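Peer 1: Spelled out from the first residue to the last, the chains are:
There are 2 protein chains.
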Amino acid sequence: MSQEQIIVQKFGGSSIADPIRIREVASRICRSRLAGANLVIVVSAMGNTTDDLIRLAGETAGADGAPNLREVDTLLSTGELVSATLMAIAIQSMGQDVVSLSGTQAGIRTESTHGSARISAVDPARLRRELDAGRILIVAGFQGVTEMGDVTTLGRGGSDTTAVAVAAALGAERCEIYTDVDGIYTSDPRLVPEARKLAEIGYEEMLEMAMLGAKMNPRSIELGAVYSVPMLVASSFADAPGTLIHGGEPTLEVRRAITGIPVDRNVAKITVRGVKDRPGVAAALFEPLADAGISVDVIVQNASADGLTDMTFTVARADVQRALAVARDRSEVESSEVTGDPDMAKVSVVGTGMQNSPGYAARMFRALASAGVNIEMITTSEIRITCIVRRDQAQAAAQALHAAFKLDKAAD
Amino acid sequence: MSQEQIIVQKFGGSSIADPIRIREVASRICRSRLAGANLVIVVSAMGNTTDDLIRLAGETAGADGAPNLREVDTLLSTGELVSATLMAIAIQSMGQDVVSLSGTQAGIRTESTHGSARISAVDPARLRRELDAGRILIVAGFQGVTEMGDVTTLGRGGSDTTAVAVAAALGAERCEIYTDVDGIYTSDPRLVPEARKLAEIGYEEMLEMAMLGAKMNPRSIELGAVYSVPMLVASSFADAPGTLIHGGEPTLEVRRAITGIPVDRNVAKITVRGVKDRPGVAAALFEPLADAGISVDVIVQNASADGLTDMTFTVARADVQRALAVARDRSEVESSEVTGDPDMAKVSVVGTGMQNSPGYAARMFRALASAGVNIEMITTSEIRITCIVRRDQAQAAAQALHAAFKLDKAAD
Chain Z
1 MSQEQIIVQK
11 FGGSSIADPI
21 RIREVASRIC
31 RSRLAGANLV
41 IVVSAMGNTT
51 DDLIRLAGET
61 AGADGAPNLR
71 EVDTLLSTGE
81 LVSATLMAIA
91 IQSMGQDVVS
101 LSGTQAGIRT
111 ESTHGSARIS
121 AVDPARLRRE
131 LDAGRILIVA
141 GFQGVTEMGD
151 VTTLGRGGSD
161 TTAVAVAAAL
171 GAERCEIYTD
181 VDGIYTSDPR
191 LVPEARKLAE
201 IGYEEMLEMA
211 MLGAKMNPRS
221 IELGAVYSVP
231 MLVASSFADA
241 PGTLIHGGEP
251 TLEVRRAITG
261 IPVDRNVAKI
271 TVRGVKDRPG
281 VAAALFEPLA
291 DAGISVDVIV
301 QNASADGLTD
311 MTFTVARADV
321 QRALAVARDR
331 SEVESSEVTG
341 DPDMAKVSVV
351 GTGMQNSPGY
361 AARMFRALAS
371 AGVNIEMITT
381 SEIRITCIVR
391 RDQAQAAAQA
401 LHAAFKLDKA
411 AD
Chain A
1001 MSQEQIIVQK
1011 FGGSSIADPI
1021 RIREVASRIC
1031 RSRLAGANLV
1041 IVVSAMGNTT
1051 DDLIRLAGET
1061 AGADGAPNLR
1071 EVDTLLSTGE
1081 LVSATLMAIA
1091 IQSMGQDVVS
1101 LSGTQAGIRT
1111 ESTHGSARIS
1121 AVDPARLRRE
1131 LDAGRILIVA
1141 GFQGVTEMGD
1151 VTTLGRGGSD
1161 TTAVAVAAAL
1171 GAERCEIYTD
1181 VDGIYTSDPR
1191 LVPEARKLAE
1201 IGYEEMLEMA
1211 MLGAKMNPRS
1221 IELGAVYSVP
1231 MLVASSFADA
1241 PGTLIHGGEP
1251 TLEVRRAITG
1261 IPVDRNVAKI
1271 TVRGVKDRPG
1281 VAAALFEPLA
1291 DAGISVDVIV
1301 QNASADGLTD
1311 MTFTVARADV
1321 QRALAVARDR
1331 SEVESSEVTG
1341 DPDMAKVSVV
1351 GTGMQNSPGY
1361 AARMFRALAS
1371 AGVNIEMITT
1381 SEIRITCIVR
1391 RDQAQAAAQA
1401 LHAAFKLDKA
1411 AD
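Residue numbers (the numbering used here), protein chains in the order written: chain Z, 1 to 412; chain A, 1001 to 1412.
Keep in mind that the hints were calculated from the coordinates and are not lab data. Misleading hints may appear alongside valid ones.
[As the list claims (entries may be wrong)] Restraint-style ranges between C-beta atoms, simulated for each label pair:
{"hint": "1", "chain 1": "A", "residue 1": "Phe1237", "chain 2": "Z", "residue 2": "Ser120", "range": "44 to 50 Å"}
{"hint": "2", "chain 1": "A", "residue 1": "Ala1290", "chain 2": "Z", "residue 2": "Gly293", "range": "56 to 62 Å"}
{"hint": "3", "chain 1": "Z", "residue 1": "Ala17", "chain 2": "A", "residue 2": "Arg1190", "range": "40 to 46 Å"}
{"hint": "4", "chain 1": "Z", "residue 1": "Phe237", "chain 2": "A", "residue 2": "Gly1171", "range": "53 to 59 Å"}
Please read all numbers here as calculations on a predicted model, not as lab measurements. The C-beta atom is built at its ideal place from N, Cα and C for all residues, glycine as well.
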C-alpha cells in the first residue's frame, strides 16, 4: 500500500463500550497501522452514552419543557468527544502517534438544523496536516459545526455519515464500517436461518436494504454512492471478511436477480376511511404528520367510489398512538373512521436484476400465497417490491421468499 | 441597574451535582435576571465528573502509559460542556432566553500548556453579540482553546479563573463566585469556632489567605486584582451575604491590622543535612523537584558552619515520598542525610495593616509560646508571617492567634 492511500474506519458504540473494548479496538487499529495504512478512525459514543445524556436533558428540562435542540446537540456531542479522546489515549499507550479531533476540528461543516444537520462540506486542511505528520486520526463522529461555530449533530447513524464524508473529502481508498454485525445478509438471520452473508452489494441495492430493515444508515450509503466511496461493513469483534458496498465494478456486471429479502417488523398501519376525494386532502392529512415529526413510509390510496376514498399508510410502531391522534384531529379531512394496527411487518425483495425483467412480482405473490401469507399492502420501486403483511406472518414470508428466489445459494 | 451592567456568576460542581440542584441554581439565576442584570454564568463540571473522567483515562491508558495531556484536556472539557448545556436547558424551561458557550465559543484563548494553560486573551465578540440579543450566557468553565484550535484546560480552580477573565473582558460590574462555603472567614471554622465571616477583604490579603489554606484559587484572585474586578464569594445554597474581595475602596481606608489566620494542615517537611555550601547547590536540589512537578513552598537554609549547611523545605503532604526520592537521588548535592516528616501544618497571620507597623511578629511568637506551640520554621512576606508547626498543634496555634489578634470582634 502506498504512502498516499488512506483508509477510514468507523467503530460503533457497542464496539467501544468500556476501556477494555476500547483497548481491543485500539490494538486492532495499531495492527492496521503497522500494515502500512494511513488511518482515519471515526468513533460513536460509548455504549448507551447518548441515551443516558438524552435522559439527563429530559430530567433537567423538567415536566414543562422539551429541551432546546441547540443545547442538546452540544450535550450529545460530548459522548463522541469522550470516546475519541479515550481511543487516542489507548492507541498512544501502545506506542503509536495519534491525535483526536472534534467535528469542529475535523472540519465537518453542517447546516444549522440542530438534531439532524446535513453536512454541507468537509474542510480537510487539518485532517491532511495531521496525516502528513504521520499520525493516526481519531475523529468524533455524529457531529459538525455551523458557520456560526455552533455544534450540531447529524441524527441517527450520524457517525457512519461522518466516516463516509471524511473518506470522500480525503479521497480515501475505502471506508470500513465496523459494527456488531459481520456484514450484510440476504435476510435477517434471526428469521431466516438460511440467510447468507453477501460478499458484495451495489449502492442502490444496499440503500433499499437499509431503508427496509438492514442495520445500516441510508444517508451514509447515499453519500458513498454519490462520491463513489467503497464501503466495507464488517464485525468489530471478529476478523471475518465483511460485505463490500460499491458501484458497478466488473465482478458485478452479471448482477444477481434478487440480492436480499429485508424484513422490518416494526411497522404500524393507519387506515383513514371515507375520505372526501378532493384536491388537497392528502396534504391536509400528511402535512400535520410531518410537522409532528412522524415519518410516513408506505402510502396506498384506493380508487375512489361515490366521491369517497380510503387511505392507508404505515408509520414506525412507536409512533402509532401519536399518528392516530394527529390523523383524528384533522377536521378538514372529514373522514368517517380512523383506525390503527400496530402489528404489521414489511417484507421486500430487492435486486437490480429485476429492473428490466418481468415476472418478479408474480413470483413473489405466488410464493407468499403458497406459504399462506396474506398481503395487506403493496408498493414497488424499480429495484424493489414491498409487501405489508401481518407481523406474526413476517417470518414465514421471509423464509418462503428466501427459498423461492434461491438466496441460500451464492449467485456469484 | 442599567442595561449596560453585566454580572458574572460562577457555580461550582457541588452546587450543580444533579438535575435537581441544576434547576435550583437555574431558578436563582432567573430571579437575578428578572431583577434586571445582564448575566454571564460560568459553570464547573457536575459533582465528581472530572475525577470520574480522569479515572476513565487512566483505565484506558492501561498499566504502561500516562495519558496524553492534550487528549485528557479535551476529555475533561466535556464535563463543563455537559453542565453548561444542562443549565441552559433548565433556564430555557423556565422561560428565559439563554445560550450555552464552550470555552472555544466564548473566545477564551490560551497558551498551549495542556493541563494548566494560562489565558492569553478573551475575545468577547460572541459574548457581546449574545448579550446584546438579550440572552443569559452559560459559559463552560475551566477550558479554553489554543491558536491551533485545540482545547486546553486551565488547571485546578480553572472555572474561577474563567469567570474573572470573562468579567474583566466584558468590564463586568462584579464577579460572583458561588460555592459550598458562604464566604471568607478569619480562620478555619472547623478549628477555630470563634472564626468570623469577613464582609470584605483586599486582593492581596485574599491572595495570601488563598495560598495559605483558604478555599479559593489564587490565580483567579491575582487576575481580579490586575483587572480590578470586584469578586463576591458566597454560598450557592443560602441567600446570606458573602465576602467581597476588592481593591482599596474608601471603606477599607482604615485597614484591620490583621485580617485572618489561614491554616493549612496538609504540609510535609523535608530536611537535607550536611550539604556542601557552594554555588549552585540549591539549584541542583530544587530544579529536579520542579521537573518532577513537585511544588516546594517554604524554604529555610541555616547559616553555614564548616562549609556545611542544612536546608529544610515544605511540600504538600501527598508529595512527601516522591520529594524524598528525588532529594535522595541528587548525588551532586552530597548531603549526609535526607529526612521527611509528613505531619506538619502551616499557620499564618495575614493583614495589610502589619505592613508599616513593627511588633506583629513578636506578638505572634509570644501567643504561640503561651499556648505551648513549638515553631519549627518561620517565613514572612510584607503582609504575612507564617510559622510551620506540628500538625497536632495547628488547632491550638490558630485558636491562640485568633484570640491574641482579637479577630472574633469586627474591626469595621
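Peer 1: Could one say that the CB atoms of alanine 1290(A) and glycine 293(Z) fall in the range 56 to 62 Å?
Peer 2: holds (58 Å)
Peer 1: Hint says 40 to 46 Å; check whether the CB-CB distance for alanine 17(Z) and arginine 1190(A) agrees.
Peer 2: holds (43 Å)
Peer 1: Can you tell me whether the CB distance of phenylalanine 237(Z) to glycine 1171(A) sits inside 53 to 59 Å?
Peer 2: holds (57 Å)
Peer 1: Does the beta carbon distance between phenylalanine 1237(A) and serine 120(Z) stay inside 44 to 50 Å, or does it fall outside?
Peer 2: holds (46 Å)
In summary, the structure agrees with every hint in the numbered list given earlier.
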